[in-house]
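> The chain contents come next:
2 protein chains.
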Amino acid sequence: MARSPARTTIRLADGRELIYFDGRSGIDRSSADLRHIPPAAVHSELRFDPIFDEWVIVAGHRQSRTHLPPGDECPLCPSQPGRPTEIPAADYEVVVFENRFPSLTHPGRSEVICFAADHDAAFADLSLQRVRLILDALVDRTGSLSTIDGVEQVFPFENRGEAIGVTLHHPHGQIYAYPFVTPRTLRMIDVARAHREATGRDLFEDVLSAEKQAATRIVADGEHWTAFVPKAARWPIELHLYPHRAVPDLAALDGDELDELAMLQLDLHGRLARLFPDPMPYIAAWHQAPVRADRDLLRLHLRLFSTQRGPDKLKFLAGSESAMGVFINDLVPEETARRLRDA
Amino acid sequence: MARSPARTTIRLADGRELIYFDGRSGIDRSSADLRHIPPAAVHSELRFDPIFDEWVIVAGHRQSRTHLPPGDECPLCPSQPGRPTEIPAADYEVVVFENRFPSLTHPGRSEVICFAADHDAAFADLSLQRVRLILDALVDRTGSLSTIDGVEQVFPFENRGEAIGVTLHHPHGQIYAYPFVTPRTLRMIDVARAHREATGRDLFEDVLSAEKQAATRIVADGEHWTAFVPKAARWPIELHLYPHRAVPDLAALDGDELDELAMLQLDLHGRLARLFPDPMPYIAAWHQAPVRADRDLLRLHLRLFSTQRGPDKLKFLAGSESAMGVFINDLVPEETARRLRDA
Numbered sequence: 001m002a003r004s005p006a007r008t009t010i011r012l013a014d015g016r017e018l019i020y021f022d023g024r025s026g027i028d029r030s031s032a033d034l035r036h037i038p039p040a041a042v043h044s045e046l047r048f049d050p051i052f053d054e055w056v057i058v059a060g061h062r063q064s065r066t067h068l069p070p071g072d073e074c075p076l077c078p079s080q081p082g083r084p085t086e087i088p089a090a091d092y093e094v095v096v097f098e099n100r101f102p103s104l105t106h107p108g109r110s111e112v113i114c115f116a117a118d119h120d121a122a123f124a125d126l127s128l129q130r131v132r133l134i135l136d137a138l139v140d141r142t143g144s145l146s147t148i149d150g151v152e153q154v155f156p157f158e159n160r161g162e163a164i165g166v167t168l169h170h171p172h173g174q175i176y177a178y179p180f181v182t183p184r185t186l187r188m189i190d191v192a193r194a195h196r197e198a199t200g201r202d203l204f205e206d207v208l209s210a211e212k213q214a215a216t217r218i219v220a221d222g223e224h225w226t227a228f229v230p231k232a233a234r235w236p237i238e239l240h241l242y243p244h245r246a247v248p249d250l251a252a253l254d255g256d257e258l259d260e261l262a263m264l265q266l267d268l269h270g271r272l273a274r275l276f277p278d279p280m281p282y283i284a285a286w287h288q289a290p291v292r293a294d295r296d297l298l299r300l301h302l303r304l305f306s307t308q309r310g311p312d313k314l315k316f317l318a319g320s321e322s323a324m325g326v327f328i329n330d331l332v333p334e335e336t337a338r339r340l341r342d343a
Numbered sequence: 001m002a003r004s005p006a007r008t009t010i011r012l013a014d015g016r017e018l019i020y021f022d023g024r025s026g027i028d029r030s031s032a033d034l035r036h037i038p039p040a041a042v043h044s045e046l047r048f049d050p051i052f053d054e055w056v057i058v059a060g061h062r063q064s065r066t067h068l069p070p071g072d073e074c075p076l077c078p079s080q081p082g083r084p085t086e087i088p089a090a091d092y093e094v095v096v097f098e099n100r101f102p103s104l105t106h107p108g109r110s111e112v113i114c115f116a117a118d119h120d121a122a123f124a125d126l127s128l129q130r131v132r133l134i135l136d137a138l139v140d141r142t143g144s145l146s147t148i149d150g151v152e153q154v155f156p157f158e159n160r161g162e163a164i165g166v167t168l169h170h171p172h173g174q175i176y177a178y179p180f181v182t183p184r185t186l187r188m189i190d191v192a193r194a195h196r197e198a199t200g201r202d203l204f205e206d207v208l209s210a211e212k213q214a215a216t217r218i219v220a221d222g223e224h225w226t227a228f229v230p231k232a233a234r235w236p237i238e239l240h241l242y243p244h245r246a247v248p249d250l251a252a253l254d255g256d257e258l259d260e261l262a263m264l265q266l267d268l269h270g271r272l273a274r275l276f277p278d279p280m281p282y283i284a285a286w287h288q289a290p291v292r293a294d295r296d297l298l299r300l301h302l303r304l305f306s307t308q309r310g311p312d313k314l315k316f317l318a319g320s321e322s323a324m325g326v327f328i329n330d331l332v333p334e335e336t337a338r339r340l341r342d343a
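Line order of the protein sequences matches chains A and B.
Read left to right, the first sequence gives residues 1 to 343 (my numbering).
Read left to right, the second sequence gives residues 1 to 343 (my numbering).
You can't tell identical chains apart in this list, so a pair holds if it fits in one copy or across any two.
Computed cross-link-like contacts, EDC-like style, restricted to lysine to aspartate or glutamate with a CA-CA straight-line distance of at most 20 Å:
#, residue 1, residue 2
1, 313, 162
2, 212, 223
3, 231, 45
Hints are computed from structural coordinates only; laboratory data are not their basis.
Please read all numbers here as calculations on a predicted model, not as lab measurements.
Please put together the full structure from these sequences, using the hints given.
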């Protein structure tokens, strides 16, 4: 597609940064935030768990964050006369801003990304152009956040649905810039390193090849990407989307890869939306390599998963999953792949 | 306490084993299971996830398991004339049997443990004698299951509350005998081994000492046990109960330790029950050492945790927790400990 997206940065009344991403340049983004809001007195604390050798975030201030407000009080809708929101403009395409109730504070950072001004839109309803613009924004944020001193990993994700605890309905995702490499990423890297030392090969390439060869769990693919239900899926619904090229993060993708990614993401979200009569709660998680280390060991990929195991049944993480890390999946991955292919 | 508990084993109609645990011997446990139920055609499959180097259980047959039956169809109540249940006796104290919808099949095993015949009882309501009898049963099962060829770890636990997906209300727990050492246990052992190699000391002893010294997170203690909210608590409500002696599992506890454990468990469950107006969903998980290896590196302990972060608010595992393994706790551990001490 011929594209020339534009990027405009402003500051909100309390000093937080907000960035508009627009499909074309020349749109007036000068609206000011006229609210009187004091700088948020927030501080999240990193605590070290010596038993698991892992960091835990304690964010006491988040207990009072905005929780399922009525639609006409949504802080992610555009501002209207007499009703200022987090976004000063009267309309927008894609906008990113620092979270007012951040899980991570300096040197980490928590950002919100709004996908559309329409409060009732879902990701699956977005236009191809819009999804491509969201990817532009994620590429931008991955690159920018990676340059912050002390940031070690950038994690773009979307939580969708009250059933998984979403506190705002407006279509949006989040971007966490962690001041450490996360436990699951460290684990992947350890496994990939051991695999490379033992075989000389790339772990993600081998998994992708095995899935292509088995073929029974492939859901969709293109020239640059393949989507499959993993053989050992943990969640009732789980899709992995791998690039064919070994890239560490979104910022390393080329234009053709981003164009096809936008199409495939829309395709996959559409399949999820059609699987059950009601909209499915899900988590869409971008696994990216650490900012400063082992960038050749972890391949960028998207994991799209849901706790929904039937039209009216949710999977909960109980003792085995939460305490022991052993997932029990009541759905057979090959069957889930077939249903997603048919959806 | 002067005690002489009794143990009686029978077979259910489909061949599954059931064991009655009674506070005294001489109770007639000869009631037969008169149902016509065929041997369950169940098979759970272990699948290997090469990215995380972990096992996942795929148990397709569980999709159709009994889900929140009305109270008068509860399969865990004692049998009544004309209404046979999983337990043939007309009354019972504590009973353990092989799960009809097991997550683990040979060489693993899934057992159900019923805490009381009373459908509406909660753990916090049980008598001290009953809790002590439940511990007898868990000691017995840990010992017996550890002798099965191929079993590598025994995990007794209780999931409580619909909010965390419990499908049967009757007061009960479960015992999983895994045919592998679980990921979180392997992780603990790796960390404990590195700590021993670096310092010559026991990791759990050092954590317990640090919590005793800090004192701010201790909730209850005795001669043989200490309960505390861990410094880096992942869950809004989280309690760890450590024995003062380095023991690998429940079967290694002596009588005095078991007696005090029963008192402290009741005390802790009572505090949890009094914290919020409605009964709190929770998971109670016994971390035990592997059956065959590293028994000197992992100390037995109980983790009692809840997703409840307020009277009407639940914590959900979203993107950060589910995809990255980074927990964000909105409650400050020292404050949670204070509230539990005051409860």
